[in-house]
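What follows is each chain in one-letter form.
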Amino acid sequence: MPLSALLLIAYRSVVNRRVTALLTVFSIALSVTLFLGVEKIRSGAQTGFSNTVSGTDLIVGARSGALNLLLYSVFRIGDATNNVTWESYEDIASRPEIAWAVPISLGDSHRGFRVMGTTAAYFDHYRTGDKQNLQFAAGQRFEDIFDVVLGSDVASELAYGLGEEIVIAHGIGSVSFAKHDNLPFRVVGILERTGTPVDRTVHVKLEGIEAIHLGWSGGAAPIGSRAPSATDVRAADLDPTSVTAVFLGLNSRIAILTLQRDINTYNEEALMAIIPGVALTQLWDVVGVAELALSAIATFVILTGLLGLMTNVLTSLNERRREMAILRSVGAGARHVALLLISESAFLASAGALLGLCLVQILLAAAGPIIVEATGVFVGGLSVTSFDLITVGAVIGFAAVLAGFPAWRAYRQSLSDGLTIRV
Amino acid sequence: MDAGRAEASQKTADSAVVINDLLFSWDDNDTPLLDIAALSIDRGERVFLHGPSGSGKSTLLGLLGGVLLPGAGGLSVLGQDLASLSGRARDRFRADHLGIIFQMFNLLPYLSVRDNVALSCRFSSARAARAEEAGGVGSETNRLLKNLGLPDVAMERPVTDLSVGQQQRVAVARALIGQPELIIADEPTSALDADHRNIFIDLLSAECSASGATLVFVSHDLSLAKTFDRIVALTEINRADMKEAV
Chain V
46 MPLSALLLIA YRSVVNRRVT ALLTVFSIAL SVTLFLGVEK IRSGAQTGFS
96 NTVSGTDLIV GARSGALNLL LYSVFRIGDA TNNVTWESYE DIASRPEIAW
146 AVPISLGDSH RGFRVMGTTA AYFDHYRTGD KQNLQFAAGQ RFEDIFDVVL
196 GSDVASELAY GLGEEIVIAH GIGSVSFAKH DNLPFRVVGI LERTGTPVDR
246 TVHVKLEGIE AIHLGWSGGA APIGSRAPSA TDVRAADLDP TSVTAVFLGL
296 NSRIAILTLQ RDINTYNEEA LMAIIPGVAL TQLWDVVGVA ELALSAIATF
346 VILTGLLGLM TNVLTSLNER RREMAILRSV GAGARHVALL LISESAFLAS
396 AGALLGLCLV QILLAAAGPI IVEATGVFVG GLSVTSFDLI TVGAVIGFAA
446 VLAGFPAWRA YRQSLSDGLT IRV
Chain U
98 MDAGRAEASQ KTADSAVVIN DLLFSWDDND TPLLDIAALS IDRGERVFLH
148 GPSGSGKSTL LGLLGGVLLP GAGGLSVLGQ DLASLSGRAR DRFRADHLGI
198 IFQMFNLLPY LSVRDNVALS CRFSSARAAR AEEAGGVGSE TNRLLKNLGL
248 PDVAMERPVT DLSVGQQQRV AVARALIGQP ELIIADEPTS ALDADHRNIF
298 IDLLSAECSA SGATLVFVSH DLSLAKTFDR IVALTEINRA DMKEAV
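The listed protein sequences correspond, in order, to chains V and U. Letter by letter, the first sequence follows residues 46 to 468 of this note's numbering. Letter by letter, the second sequence follows residues 98 to 343 of this note's numbering.
Don't take every hint at face value.
What follows is a set of in silico ranges between Cβ atoms, one per label pair, in the way DEER data are often shown [to be verified]:
(1) LEU48(V) <-> GLU253(U): 20 to 30 Å
(2) PRO149(U) <-> LEU460(V): 56 to 66 Å
(3) LEU460(V) <-> GLY246(U): 43 to 53 Å
(4) ILE435(V) <-> PRO255(U): 20 to 30 Å
(5) SER287(U) <-> ARG454(V): 21 to 31 Å
Since the hints were made in silico from the structure, they are not lab data. If you're wondering where the values come from, they're calculated on a predicted model, not measured in any experiment. Glycine is no exception: its CB is placed at the ideal position from the N, C-alpha and C atoms.
Isolated chain V, as found in the complex (with noise of 0.2 Å):
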């Protein structure tokens, strides 16, 4: 019997027994999809997240948590605890090893989007992916006190073009009382979407963000005529007392370590210095747990639909101890029926894992666009990788061990039924 020809049978046989199939197909399609998912996803927000921040070697800050500095300065999460004086950036600043500095001033909000105060040395120096320079989509840097460059999400989602005149809220909620509305921004510049919380993120000047707490007193706006206008903010000295973060270029990469130890220990404030690198491992690290949750279950249901497959071709043997004693009398052996039972699971394993395989790239491609939109992960578009082909594989080869059972069965079973059938 020539191996194509109960091949052959085999499938004619499992198209006959079609919606078991097809059931078994799509509950191990669904799996293989779930399971390649979540990896995409896992490996897609690895990699963002070590894209996020590139090409800067130190980032600076008051003395708290390393985890917290880069949450704070990098992704936009959580709190300063405390600010960095301008004079002790100054002075970091000013050192020898030092090839460039951009600091920032964070607490303001726009609409829920944060607010960011820097110079335009960001725009040269702050780098994200592959040492990738911020690009811009539409018009310029900022140059004015009140001009504003925006990310692409917050470009796209409140749709604000070049000249929008916004107004920019004290605090980081998205609804926010305390509104600086005695002084509007213009819209100068949009930026290309990078992928990280930089698109999330409202630019401003330094002298911007001193420009809209002018007058205040205590956290509390002021009051009616005491408000600055446009002109009496220009008039007035605004020169940044204070920045929340600092981001270090070093001239040699040597130095690192040195320059943080002389940070950690700056006498004059408490201040703290991290490597971006290392803190993304270890905030990779705390998150690694999720995501290693997140693999055992998509594995568990990748088990979960290769038992479903061997319960039903073990179920199937019964109804087809008829279709075994035929074959058996027209001289198939019982090696025949255990490698018929084989290839019809490794047929509904390759359907299913290939069907899997192409219902996530569908899935991913159009959902992608959505999932960088909420959470700035980006997954991937249409891309096989080796690891999806690995999965097919291990599927295939999974089902058609776990096959061996209900083929050892119906072994034993053509063997003691001879050539009688049984219905």
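Position chain U against the provided structure of chain V, taking the given hints into account.
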């Protein structure tokens, strides 16, 4: 070699089935299901094997088909001692030399009429070759179905469209294609009504005679036995006590 044994050996080769002191039981220590002192069927003979249910018919068929092995004694089919063959060789022997027809449900529901008949040739290159010699598997299928009174059956139709009687004739065509030497029919008429039974047996007998095949027809219904060359009652040749099995 003495003359007597040579003569016996020659006779074995000429016979379709030769059984000597055959014992069969499911377990070695169990009471035997079958205990047959002697049974010989000549080539070309059409034998009616009669026995009530539980008399060991199915077991005997399993032995003849090479699916079961005797516990002791001699069993030779078409001159071949089945016990001396490996499992694979017995499967191949069955594919090459035997045609088997069951009571009912002979056909694979997911194959067409043509593919069901051709199934025998798929498992046996010898039978495929003999069918090719006779004009090809397709034309042999046509010829057999025509002789069996199914000339108009669409070959590509699913077999589930056919009546039980038609299905049984397709099963006969499958058993006969490629000219196997021994046809075993296990109560093939039990699902047919009385008129169709006699027609069916006549067709089966005629086709076996035409191809020179030996026919072993098993049934509990003695009224069907009249056209056969010989009637063998299993209850008479089987010395095992079958009361427990019944």
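Numbers of unmet hints, in rising order: Hint check: 2, 3 and 4 fail, others pass.
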